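Protein chains in written order, with the working numbering: chain R, 62 to 1004; chain Y, 6 to 440.
Heads up, none of these hints are tricks.
Computed spacing ranges between beta-carbons, pair by pair: (1) Gly399/Y - Ile913/R: 16 to 22 Å; (2) Arg124/Y - Ser404/R: 30 to 36 Å; (3) His973/R - Pro418/Y: 14 to 20 Å; (4) Asn705/R - Pro421/Y: 40 to 46 Å; (5) Ile913/R - Lys130/Y: 40 to 46 Å; (6) Ala919/R - Ala296/Y: 42 to 48 Å; (7) Glu946/R - Pro292/Y: 29 to 35 Å; (8) His973/R - Glu325/Y: 21 to 27 Å; (9) Phe57/Y - Glu488/R: 31 to 37 Å.
Derived, one-sided and incomplete: chain R residues facing chain Y with beta-carbon distance under 7 Å: (10) Leu412; (11) Met415; (12) Val419; (13) Thr420; (14) Gln423; (15) Leu431; (16) Gln892; (17) Leu935; (18) Pro937; (19) Val943; (20) Cys947.
Partner residues aside, some chain Y positions facing chain R, computed with beta carbon under 8 Å: (21) Val47; (22) Val54; (23) Val75.
In case anyone wonders, no lab produced these hints; they're calculated from the structure. Because the structure is a prediction, the values reported are computed rather than measured. C-beta: ideal position from N, C-alpha, C; glycine also.
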Amino acid sequence: MASPALCDSPGSPDELSGDPSLQEDEDCNSDDRVSDSGSYTSASSDYDDLEPEWLDSVQKNGELFYLELSEDEEESRLPEIPPTVNHVRFSENEIIIEEDDYKERKKYEPKLKRFTKILKSKRLLPKRYNKKNSNDNGPVSILKHQSNQKTGVIVQQQYKDVTVYVNPKKLTVTKAKEQLKLLEVLVGIIHQTKWSWRRTGKQGNGERLVVHGLLPGGSAMKSGQILIGDVLVAVNDVDVTSENIERVLSCIPGPMQVKLTFENAYAVKKEKTQPRKKKANLNTNDLVKLLWEEEAEDNQQNIHNTPHIIMYLTLQLDSETSKEEQEILYHYPMSEASQKLKSVRGIFLTLCDMLENVTGTQVTSSSLFLNGKQIHVAYLKETEKLLLIGLPAEEVPLPQLRNMIKDIAQTLKFMYGSLDSAFCQVENVPRLDHFFNLFFQRALQPAKLHSSASPSVQQYDAASAVLLDNLPGVRWLPLPQEIKMELDTALSDLEAADFAELSEDYYDMRRLYTILGSSLFYRGYLICSHLPKDDLIEIALYCRYYGLLPLAAKQRIGQLIIWREVFPHHHLQPSSASNTEVFQEPEGRYFLLIVGLRHYMLCVLLEAGGCASKAVGNPGPDCIYVDQIRTTLHQLEGTDSRINERLASSPSPCLSCADWFLAGPREKTDGLATSPILSRLQGTTKATASPMCRRTLFGDYSLKTRKPSPSQSSGGPDNGCEGGEGTGLSPHPTPDAVLKQRESQGFDGSEESGALLKGTKKKSTLSNPFHLGNSKKDLSEKELEIYNTMKLTSGPENTLFHYVALETVQGIFITPTHEEVAQLGGSVHSQLIKNFHQCCLSIRALFQKALIEEKKKALNGTDDLDSTNSVSSLNPVKEHGVLFECSLENWTDQKKTPPVMAYWVVGRLFLHPKPQELYVCFHDSVTEIAIEMAFKLFFGLTL
Amino acid sequence: MGEEGTGGTVHLLCLAASSGVPLFCRSSRGGAPARQQLPFSVIGSLNGVHMFGQNLEVQLSSARTEDTTVVWKSFHDSITLIVLSSEEGTSELRLERLLQMVFGAMVLLVGLEELTNIRNVERLKKELRASYCLIDSFLGEPELIGDLTQCVDCVIPPEGSLLQEALSGFAEAAGTAFVSLVVSGRVVAATESWWRLGLPEAVLLPWLVGSLPPQAARDYPVYLPHGSPTVPHRLLTLTLLPGLELCLLCGPHPPLSQLDPQLLERWWQPLLDPLRACLTLGPRALPDGFALHADILGLLLLNLERKRCLFTVQALGDKEPAPEQRRRLLRNFYSLVTTTYFPPGRWPARCPAHGATLESQVAQEPGPPEKVEDAGHGAQLPRACYLVLGPGMGWQVVALQLGPRQLLLLLSPQSPTHGLRALATHTLHALTPFL
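Build out the structure end to end from the sequences listed, making use of the hints.
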């Protein structure tokens, strides 16, 4: 199977043609096939009657989650997929997928794709028809693996008999959501009717009983012979289908051995499929595996043993229907460790009710000890329903958990309208299971999130997740004006929805959707957004919880299309006043369309109703809109190199690595030599010729600022030398001496270095707005100017280690990019980053209290309360700083005490005009003036 | 319940774990004891959820609403203490330590035997009444901070060595090693053996003396929660000057009558002037001659190794905020710092020689260690932190840890933020000889 077949990029259609294996693949959609001339672009597809490849995946309710990996990614993942049967344990729900099965299916998808590209320019809304077609076939649940749909493959059926022990006495499971309860409870086989909607004609009535999963500890699993994908054909030689299985099983009178006959449908196919190479389309289930890669199984096991739970409970008990566990509307997972938490739900319910009565305020959290492990449980009560999330304190500190539950609720409301509609509808259960599986993986094992990434990036992600994941903002990458303009134009063009002959206007029809706004992500960074803050944050939350952002960052997505109805809080909240002057939100419906291509991801919020036509039923994604968005992304393809450049050398404040301040002379040299920046430095400056490593370090700063301008390299050596000279002011022969001197100076002395550092600070913050305002190309003059100012005031050392700036007007935050952090490296530094984020979390917890207080004050109108009320508590915190000290861990020199480096983590909250938060981490030697300056300049820094 | 008024409400419930019978309930509102009580149904459910969890091997430890914190703790499987506090800025650390102190106070006055082996609930209730006074002093807004820091509140006398000598001599003459000089609940001077008393009695005894109504002399039976929880000792107090008391801890000997005025006169008459000087020392804690920086509004110095602390908000008494507020600010800041940055245990107390063999775990229940929000700081440890309050107040607090010492300062708004650490370091160095 040729790999090019996978490349869905329209840029390489020629490769797609002439695949010899084409013919052997039969597919149910073959009607739609049209011969491939190999020259379409998705922007203007010339073929009528071509279906987009994702159309099959559209669900009954119109939702779509379609993900295709890029070619590179496919290839790199290839060796990880063993050719033999591969069971992927997906979740506690025991959805276990046999890889062969879908590999097989995937095999022809890419080829199919090249035929199935609809988008006929002549026919309007063709997708409606097509969609109906697919609906006629029955609903395709993309959440569930369709295991049983190979029609074109000849299968030699094999049968096997398995004897299992069955005891109907221990019927304990109560949930009635699954129809085939007995099969699950007695035998331990999970079969979900929804999954196998394509019926093979074998049984006249009733579906074939495909084993979709095995219940842990169930007889079936214990037997070890029953595999996922097997088809149960007989029980004690009685033929069974989904129709009669319950009846047959209910006839078992007591504990006994039962003979089950299975059709081993894959035995033969396996051999045939071994040479298969690729899969292109991925189920959502595989998303888990994709993100966690091969460690998934281990992780699952670890997570399995960690007590964690999400529950949705009702406080209203209906005594009429006395079902068991009727107060539980939803809970996940089913693992044993979590069972304990489930069993004490009475505590949560009682606390929620009683404490609210006693104190007049709602319960927010409680802590308990389970097997000596502290577990925090966060509460969220809404209209007599209670959402609970419990996680171990070790993994998730309480402030983070509180933020998490808020985010979860917000995301679920965004996706389903309300918590009730999310949890109370049976068909949502598997989706929520999947959602929370991702959620808990992320919460409990952030480090394993993407093992494909380099370790430093991975560490950075894991360390920062604790804070960044719950900031009310999106990670933003400041770009030069030029690029920004380009992006803005592209998005505006799209938002204008002027699709020429493709548009509804052309046919005098009412628009299907109004595009409310769009936002563009690149490698998980927001680079351009035309969405109001609230929408942006909700969309970003959605992407975060589905792991889309890291996906776009690390894996090149071949194609990603997500379509779903959403309920943006901002648009749906009832207008407060009946003031007619105020803009009234139309009573419309809202749809989110996300299209990903390579590293790009474009999220578009669509409105139906209002000025567009009303949406009826559950419309699926509209091909025209999808294609227009894709076109936009294609237009931007040329920009990535420039954005990448910016990612690697962001104009934001330059960073320093903590290890440089600590390392002994020897190690430092080594470290510097291996550092990519510094090796480059050696190439360009003479300063490195000096054995004084400290000096090279100093040179590094100036070099880094120059880096985006290679044309200036002629001036390089000079700069480097000057950087070196800066240190000459206080001559120190070895870095050790520098350290000692700094220590002896303490923090009140060292005016000289203070002034220098101040300059550093000033410069670095200044450079950002400058870069924003100027395209990089006309660097020469202005950059020189900046360089001069830097030289005048700046110190030899850059002492800023890390920073996070949160800006709530736009809903964005800025923080060093992965590339920048990766460049710095260093073990102490990575520890510092971890420390920084954890410290920021506790600082932020204080800020959040202050914000709540502020809100209260605003509600009360006057602030006469505070004089008596808040004096006693440390409440409106404006600034909070913590000083950390670290030393080298493996210090071998017994005689000398190890060098110690001290650094501050300082957070500051600005309440006016709009809440903003800034967290910085810098070396102890920085003077306060410099910090003050940094805080002030932060205002100029954003957007 | 906590909507109006200052400070919010604190309810302390004590129940017999096995029967669920409430032994006592104490409440305070805005720092003063209040009669208002929780309805019995609430008491029942609060106890019920905890018991229910325990039956399923789940220990419920705390719960929080937007303005209230509840902490449960059970001692020796026989006494359950529950505290519900809506005081502003209350923290779990404070409440947990409060419960430890309360239980310590109960043992101090009733003895562990009575509490672990409840035969007659009604009699126990009556006996516990004796501890109300002490317990109420924890619930209110104490001038001391030993309940929170678990360190003995001290003052620095101007002529310490003289007092120390007199104390040792007197101890020898009186025939007991455990003697201390206490002014309004703070220890001025004490013998070596007294300092070696374990927690919580080291904190509780001066506290008890401070909370009792003034009397010329007392002979008070006490159990030492750590050192001798089942065998009572005698606490003898002799008032040297109004507010200044001499405390002796001893066995059956000597009888109070033996400590006749002559003995007192012999040892203490010559020291009348230094003793008078101690009287005024009370809340200021530092000798007059010691000059603190003018920006310092409040100070808390802890020596975690020796388990002593120095707490004063009287440095500059006339400016805003009022002393009570300063105290609350520092208490809250201490809770924050201890919870988040300087978790206890990094400077483990040397095991007091006196009680070394009696690891009776009265104060340290086998329960989980105190909550530390973040144990993952690894090799990079916090050394200092500061906090600047928002507009309208602008007070600043700074904490510094150096060796076994911690210093927390409350500073006026005009003090420059960048000088905080310098000021704290300077002050700490200046105070180091004292503690």
